[in-house]
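Chemist: Residues per chain are reported as follows:
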Amino acid sequence: MALLEVKDLKVRVEEREILHGLTLTVNEGEVHAIMGPNGSGKSTLSHVIAGKPGYEVTDGQILFKGEDLLEMDPEERAAKGVFLAFQYPVEIPGVATMTFLRTALNAQRKARGESEYSTPDFLKKVREVSKSLNIPQDMLKRGVNVGFSGGEKKRNEVLQMALFEPSLCILDEMDSGLDIDALRIAADGVNALRSPGRAMVVITHYQRLLNYIVPDFVHVMSKGRVVKSGGKDLALELEASGYTQFEDAA
Amino acid sequence: MNVAVAKTGNGRAVSDLFAGAEGRLPGSPAVIVARREAFETYERLGLPHRRIEEWKYTDLRALVGEVLPLAASPDAAALKRAAEAVKAHAIAGARKLVLVDGVFAADLSDVKALGSDMSFRTLRETLEKDASLLKTAVTDAVIALNAAMATDGVVLSIADGAQLSAPIQIIHIATAASASAFSRSQVAIGKGVHATIVESFVAAGAKAYQVNDAVLLSIGDDSDVAHIRLMDDAPDALNVTSHFVTVGANVKLNFFNMTTGAAVSRLQGFITFSGEGSELSANGVNLLQKTEHGDTTLLVDHAVPNCVSRETFRAVIDDRAHSVFQGRIIVRPDAQKTDGKMMTRALLLSDEAEADNKPELEIFADDVSCGHGATAGALDDSLLFYLKARGLPEKQAQALLIQAFVGEAIEQIADDGLREHVIGIAERWLERRS
Ligand SMILES: Nc1ncnc2c1ncn2[C@@H]1O[C@H](COP(=O)(O)OP(=O)(O)O)[C@@H](O)[C@H]1O
Ligand SMILES: [Mg+2]
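Sequences listed follow chains A and B, in order.
Per numbering that gives the first Met the number 0, the first sequence starts with residue 0, numbered consecutively.
Per numbering that gives the first Met the number 0, the second sequence starts with residue 0, numbered consecutively.
Okay, chain B solo, but in the shape it has when bound:
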């Protein structure tokens, strides 16, 4: 209905989006003001397009065109379908926090099992008092839209010293077709914590929907955290996710992202080192087929000295799919002894597959070690022939080599059960290859 207008990313129809939703958006008077401001920012900017430098490979105006209306609150039938999806996608032993079409579903979640180490609220509850969660250090059109429209999310804090043996799994389930879900979550991790946070995005029968998610993650000193995102949305969905991560001192942060779903997706991460002696290992893999478009854009800000960042992003690109990696490392003037490296490796399974890679180093300190590298290529013919000569049909030989390529990334996940879960998702992607 608002296609023509959305081409300019502006105008009355888009305002209708907000006006139509406003009654359902929670918040105190201050929150309502913050939402209005955010929406004005979004209206001014419109959907990102290729002339916006940060979005030049992911032109949402061309790829998506319009923002769909806000999904209705899930009804009983939707929750029933969501419950099935939870069963299918839950990680064994994990404590689950479930959002259905962007709305927290208490009955599907394990809030009581969180224990005394954690305190939990929904975003909806938090916004009754406090507008601060709608503010982020960085903003752009999709982030502003998220601030304006966020219906709900998980607000979790983990106490100092907590040693969590089982992962926390935030499951985003889409049940509403042709509608948008906007969620925003905060995970505040204290000092000396050991924790694994997993985010899963899945569909429960929904088609052609849009997800706009934001995560504010802060990690206290001396913590050891694994943050894993598994985006397996429906093949015709849109997923745009923004991560804002602040890393304290002497932290070990292992981030892993796997993209196996959505027609168009963008994960943008803004990671800032705010304490010395910390190490970030960021690994990811985009598994793309048909005409899928998957964009991973990471900004790592070395604001303090003596931190290490390692980014390794892989892509397996079939058919006419398109993978984008944009990595930017900023080393601030004080951030001596920074060690920042990024690497991309693309495996192109078809002649029409496309990989774009844009590494940027902005270095303002003189005693640093930074670099980037990239490889792109097809499967090795001599390996394929060896496998075929041992009896493996072409597709199976390819699958084994793709698994090996992806496996190098998945290997970084320390938790056995979680690793098996991720391998399972990758295997199902392989089975979907025609």
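Excised from the complex, chain A in its bound form:
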């Protein structure tokens, strides 16, 4: 059984169809890249998979480990192992990052019928992961993403990914707004999480990120559809020729 199956998905936002029948299959252990110009519907796809309100699915299906994902609340999806690293992580003043991480992790564990993490185990784990991601401890005491630089926000997303150990990671434009050093740190963090039991969907506008996170498959999205799929070489091809050919095709 595939980990994620998106079948002929049609999605509307405010009466306008954004995804026009999108199909995508992701198996455990695979890394898929989704590339496409701005406005092609990449974030819309990621939001619908995570369960963001405001999207109307008019047709098609999303199965996760064979279950109907669209029937689940966002928190249920998270507990089952769906993780979206947001393109624009929000700032939450007054909620300390550490409190947030612990509350979220324990909520997921509770939903799965697992025991809560003990405080020392939790702290040890956060310390390990944050160190590898170059996240200073005082950042964890601040409000979630409050006053974080673009790079820090993205690293905070990767930190959560490492803590929650999801089986499906969707990374939406992880590279946007990052300089090359910040990108390398974040990408190393992501690569460290690659494992046979975990799949990743890496959404990006640019080929650059895929030099660091090398995908098994590349899909090109244009105007709400996957218009071409291939191996990692497809990304290089796109880099040379640009998206124009697909925009015409779509």
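It is worth saying that the hints were derived from the structure and are not from the lab.
Don't take each hint at face value.
Claimed, not checked - Below are the BS3-like pairs computed for lysine-lysine, each with C-alpha atoms no more than 25 Å apart in a straight line:
#1 B:Lys-79 / B:Lys-190
#2 B:Lys-86 / B:Lys-134
#3 A:Lys-109 / A:Lys-124
#4 A:Lys-64 / A:Lys-51
#5 A:Lys-140 / A:Lys-152
#6 A:Lys-79 / A:Lys-124
#7 A:Lys-79 / B:Lys-394
#8 A:Lys-51 / B:Lys-289
#9 A:Lys-109 / B:Lys-394
#10 B:Lys-190 / B:Lys-86
#11 A:Lys-140 / B:Lys-394
#12 B:Lys-394 / B:Lys-289
With the hints as your guide, set chain B with the ligands onto chain A.
Modeler: This is chain B with the ligands only, laid out in the frame that chain A set:
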């Protein structure tokens, strides 16, 4: 029994209230005269209603209807229940002064531990000689009723230079159902004092009771005072509290109020700067659910130059609850260089929640900086979604964001133990949300 009469807020049945209680009300002959006069004022005015400008959002005639009879003096069983409540609500390390149904309970209080920096009497003792505590610069129907009916209270003075490391906690405990408690306290703080005064209102099993409290607080020059009021009365109670505060020169006063209880409540504060160079920071939060009504009305009188007042009042309003903030800043002709700002922020958790906000500036000096602002809105959907996408169920995600909103107010409390105590009360309010 006097519902019909109380609709006019007047008449024989209300007089019965006073006549029935008079034998139990302490005082010298002069005090008895002062009480009678106060009661006549109350009878003339009746319960406040919406056509009285200051009470237009809190129509006690419509919301409450009648004043309940005076609570009996607490008996042994009541004191036993009160003792349990003291244990549950005492702040660690604080020196406690406990009033049960408006009557001072010596056995539950730490009078001996007050030390040589403080002198303590009960209101009852004070009124044997002196009627002055029944007089206030401002009066209205509920204040007059309080003067007429006050059975007891705390009369505390803190000597010049006293540095109090632990808070003084005045705990008001209600044990009597369907009855009224009237208390009046005075805290006179000397010069150069460092002190934290906390007032807690809680129920020990009592239901449908009424509290009418008054506090006369004076603060001497160069003092640094935190005044914290935590009103967590029973969900079907009424609490009307009036504060009269006089602030000397170069004082730092941090006032904080949190409303988590009572079906209907009104805190009215009358704060006057009487010395230059002082700073008032007044923060509050009304946490209201079901059909609760919580009113905070503050009058800050800049009677002298060079003082700063900052008021920030928050409200979290769920279900069909109603929060009211009325803030009035008066800047007298001489009060140049006054800096007075007030801000309200309402978080509306339901479509039927209501927030009323009435800021007023009355400025008679020309070189001042005064202003007010207000925000009102729901929880941010994008923040809620972020939290849910990380596994938090809706209610838990909401709770985290509400805590953050309330936390900004609670953060102003400097004392760690006290802050934790207040956070605990707010968390219990969140748990009561259905
Ligand atoms: N909330 C929304 N309301 C209206 N239009 C939207 C909304 N979200 C996305 N869109 C539109 O949907 C299209 C796809 O957007 P998006 O999924 O963000 O693309 P991408 O991530 O590929 O840049 C764009 O035309 C965008 O304007
Ligand atoms: Mg996007």
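Chemist: If a hint holds in the structure, say so; if it does not, say that too.
Modeler: Hint check results:
Distance restraint check for Lys-79 of chain B and Lys-190 of chain B: the Cα-Cα separation of roughly 38 Å exceeds the 25 Å cut-off, and the hinted pair is therefore not satisfied. For the hint linking Lys-86 of chain B to Lys-134 of chain B, the alpha-carbon distance of about 34 Å lies beyond 25 Å, and the restraint is violated. About 18 Å separates the Cα atoms of Lys-109 of chain A and Lys-124 of chain A, which keeps this hinted pair within 25 Å; it holds. Taken as a hint, the Lys-64 of chain A and Lys-51 of chain A pair is honoured in the structure, with Cα atoms around 20 Å apart against an allowance of 25 Å.
For a cut-off of 25 Å, the pair hint linking Lys-140 of chain A to Lys-152 of chain A stands: about 14 Å separates their Cα positions. A distance of roughly 21 Å separates the Cα atoms of Lys-79 of chain A and Lys-124 of chain A; the hinted pair therefore holds under the 25 Å criterion. Taking the CA atoms of Lys-79 of chain A and Lys-394 of chain B, the gap is about 19 Å. The hint holds against a cut of 25 Å. Distance restraint check for Lys-51 of chain A and Lys-289 of chain B: the Cα-Cα separation of roughly 29 Å exceeds the 25 Å cut-off, and the hinted pair is therefore not satisfied.
A hinted pair counts as satisfied when its Cα atoms are at most 25 Å apart, and Lys-109 of chain A with Lys-394 of chain B qualifies at roughly 15 Å. Among the hinted pairs, Lys-190 of chain B with Lys-86 of chain B is inconsistent with the structure: their alpha-carbon atoms are about 33 Å apart, more than 25 Å. Restraint check for Lys-140 of chain A and Lys-394 of chain B: the C-alpha separation of about 24 Å stays at or below 25 Å, so the hint holds. Under the criterion of a C-alpha separation no larger than 25 Å, the hint pairing Lys-394 of chain B with Lys-289 of chain B is consistent with the structure, at around 16 Å.
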